[in-house]
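Asker: Working from the sequences, and respecting the hints, build out all of it.
Single-letter residue listing:
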Amino acid sequence: MTDPTVAEAWVAAPLRRLKEDARLISGVLLYPTGRAVGQFGFSNAADVMSICALTSAINASSRELGRQLDGKPFYELHHAGADRQVFMARATAGGQEFLFVGVFDRESSLGVVEIYFAEFQKALEKLRPEKQAPAPGPSGDFEGELNRSLDALFGPIGKR
Amino acid sequence: MKVSLVVGTLSHVPGVVAAMVVGAADGLIVETSAMLGATDGAGDPRKHTAALAAYLYAKVTRASDAARLGKPAFMRLEAEQGHICVVGARDVVLVTIVTPDANLGRVRLDMMTAAKGDQ
Numbered sequence: 000m001t002d003p004t005v006a007e008a009w010v011a012a013p014l015r016r017l018k019e020d021a022r023l024i025s026g027v028l029l030y031p032t033g034r035a036v037g038q039f040g041f042s043n044a045a046d047v048m049s050i051c052a053l054t055s056a057i058n059a060s061s062r063e064l065g066r067q068l069d070g071k072p073f074y075e076l077h078h079a080g081a082d083r084q085v086f087m088a089r090a091t092a093g094g095q096e097f098l099f100v101g102v103f104d105r106e107s108s109l110g111v112v113e114i115y116f117a118e119f120q121k122a123l124e125k126l127r128p129e130k131q132a133p134a135p136g137p138s139g140d141f142e143g144e145l146n147r148s149l150d151a152l153f154g155p156i157g158k159r
Numbered sequence: 000m001k002v003s004l005v006v007g008t009l010s011h012v013p014g015v016v017a018a019m020v021v022g023a024a025d026g027l028i029v030e031t032s033a034m035l036g037a038t039d040g041a042g043d044p045r046k047h048t049a050a051l052a053a054y055l056y057a058k059v060t061r062a063s064d065a066a067r068l069g070k071p072a073f074m075r076l077e078a079e080q081g082h083i084c085v086v087g088a089r090d091v092v093l094v095t096i097v098t099p100d101a102n103l104g105r106v107r108l109d110m111m112t113a114a115k116g117d118q
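Residue numbers (numbering that gives the first Met the number 0), protein chains in the order written: chain A, 0 to 159; chain B, 0 to 118.
Note that these hints are calculated values from the structure, not bench results. What you are looking at is a predicted structure, and each value in this text was computed from that prediction instead of being measured. Where hints are given, some of them may not hold.
What the hints assert, rightly or not - Each computed DMTMM-like pair below joins lysine to aspartate or glutamate, with the alpha-carbon atoms no more than 25 angstroms apart:
(1) K46(B) with E30(B)
(2) K46(B) with D2(A)
(3) K125(A) with D2(A)
(4) K70(B) with D104(A)
(5) K46(B) with D20(A)
(6) K115(B) with E79(B)
(7) K46(B) with E113(A)
(8) K125(A) with E63(A)
(9) K125(A) with D46(A)
(10) K58(B) with E96(A)
(11) K71(A) with E113(A)
(12) K46(B) with D46(A)
(13) K46(B) with E124(A)
(14) K46(B) with D69(A)
(15) K58(B) with E124(A)
(16) K71(A) with E96(A)
(17) K70(B) with E106(A)
(18) K115(B) with E77(B)
(19) K71(A) with E124(A)
(20) K46(B) with E75(A)
(21) K125(A) with E96(A)
(22) K121(A) with D43(B)
To be verified - If the Cβ cut is set under 8 angstroms, some of the chain A residues that face chain B in the computed set are:
(23) S108
(24) G110
(25) V111
(26) I114
(27) D150
(28) L152
In this text, a Cβ means the ideal position worked out from N, Cα and C, and glycines have one as well.
Answerer: Right, dumping it as structure tokens:
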């Protein structure tokens, strides 16, 4: 298994621990805007780009659906496929929101992933640097933000 | 047997601190008893115990299969301050958290009877 690649160094240790404890095959931590913060299990920037875009869109729509149905946004989302399962959830650290999407198979279970995701969230809260650059809000340049975060994870295009 | 009845029956066995019916595949609690002697500040260990016990039981099942012993009938984890007992019943596992001085024979018998009733 490969170690996580990260755009922000402080998320590397919690991501590695989550991957190992929850027996995840792959996972991406990102800002709700779609900007990737860290990933493991992927070797292709295009895959991470697709996942970030889809996760960001799913979060926006499921959040609104939660508001409509339950008066508050849904906290997590789980999809069980035939062989692999997808777990998606929000995490907050220092008031900054993150999204995480992870993939697992029969080597793990939803219950186990939920437990270790809760620990991951606590670790994020604890390790988040006090003086962090202002949280990246939507700049309107979705594609540009996404590409810059992918450059940080995989290197600039042409050198990947 | 209904899951609520299984949990109710097991939770009344002397020495059982908590009894749960847990999804075998996802490790999520289907039905649980109250945690005997739980205090507000101590935190509730049932969710963690359920998920990890179901996970462990899945691994034990594979080990038992690899050793050509068939399905495990009963799993007991002995710890410093008690036991965790697990019995498989089709799509669920029965999990109990038990005190060290409990009558384990009675716990085992009642769990296996409950599991058979579920099949």
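Asker: It remains to establish, for every hint, whether it holds in the given structure.
Answerer: Verification of the hints:
1. K46(B) with E30(B): At roughly 11 angstroms apart (the allowed maximum being 25 angstroms), E30(B) and K46(B) satisfy the hint.
2. K46(B) with D2(A): violated (29 angstroms)
3. K125(A) with D2(A): holds (21 angstroms)
4. K70(B) with D104(A): holds (21 angstroms)
5. K46(B) with D20(A): Satisfied, since the Cα-Cα distance of roughly 16 angstroms is no more than 25 angstroms.
6. K115(B) with E79(B): violated (30 angstroms)
7. K46(B) with E113(A): The given pair, whose Cα atoms are some 10 angstroms apart, holds under the 25 angstroms limit.
8. K125(A) with E63(A): violated (29 angstroms)
9. K125(A) with D46(A): Violated - the C-alpha atoms of D46(A) and K125(A) are around 30 angstroms apart, more than 25 angstroms.
10. K58(B) with E96(A): Since the Cα atoms of K58(B) and E96(A) sit roughly 35 angstroms apart, the hinted pair is violated (cutoff 25 angstroms).
11. K71(A) with E113(A): holds (20 angstroms)
12. K46(B) with D46(A): Violated - the C-alpha atoms of D46(A) and K46(B) are around 34 angstroms apart, more than 25 angstroms.
13. K46(B) with E124(A): Holds. K46(B) to E124(A) sits at ~22 angstroms (cutoff 25 angstroms).
14. K46(B) with D69(A): holds (24 angstroms)
15. K58(B) with E124(A): violated (32 angstroms)
16. K71(A) with E96(A): Holds. K71(A) to E96(A) sits at ~16 angstroms (cutoff 25 angstroms).
17. K70(B) with E106(A): Roughly 18 angstroms separates the two Cα atoms, so the pair holds.
18. K115(B) with E77(B): holds (24 angstroms)
19. K71(A) with E124(A): Judged against 25 angstroms, a Cα distance of about 22 angstroms means the pair holds.
20. K46(B) with E75(A): holds (16 angstroms)
21. K125(A) with E96(A): Within the cut-off at roughly 14 angstroms; holds.
22. K121(A) with D43(B): holds (17 angstroms)
23. S108: holds (4 angstroms)
24. G110: holds (3 angstroms)
25. V111: Since chain B brings a Cβ to about 5 angstroms from V111(A), closer than 8 angstroms, the hint holds.
26. I114: holds (5 angstroms)
27. D150: With a closest approach of 37 angstroms, the D150(A) hint is violated.
28. L152: At 30 angstroms from the nearest chain B Cβ, L152(A) fails the 8 angstroms test, so the hint is violated.
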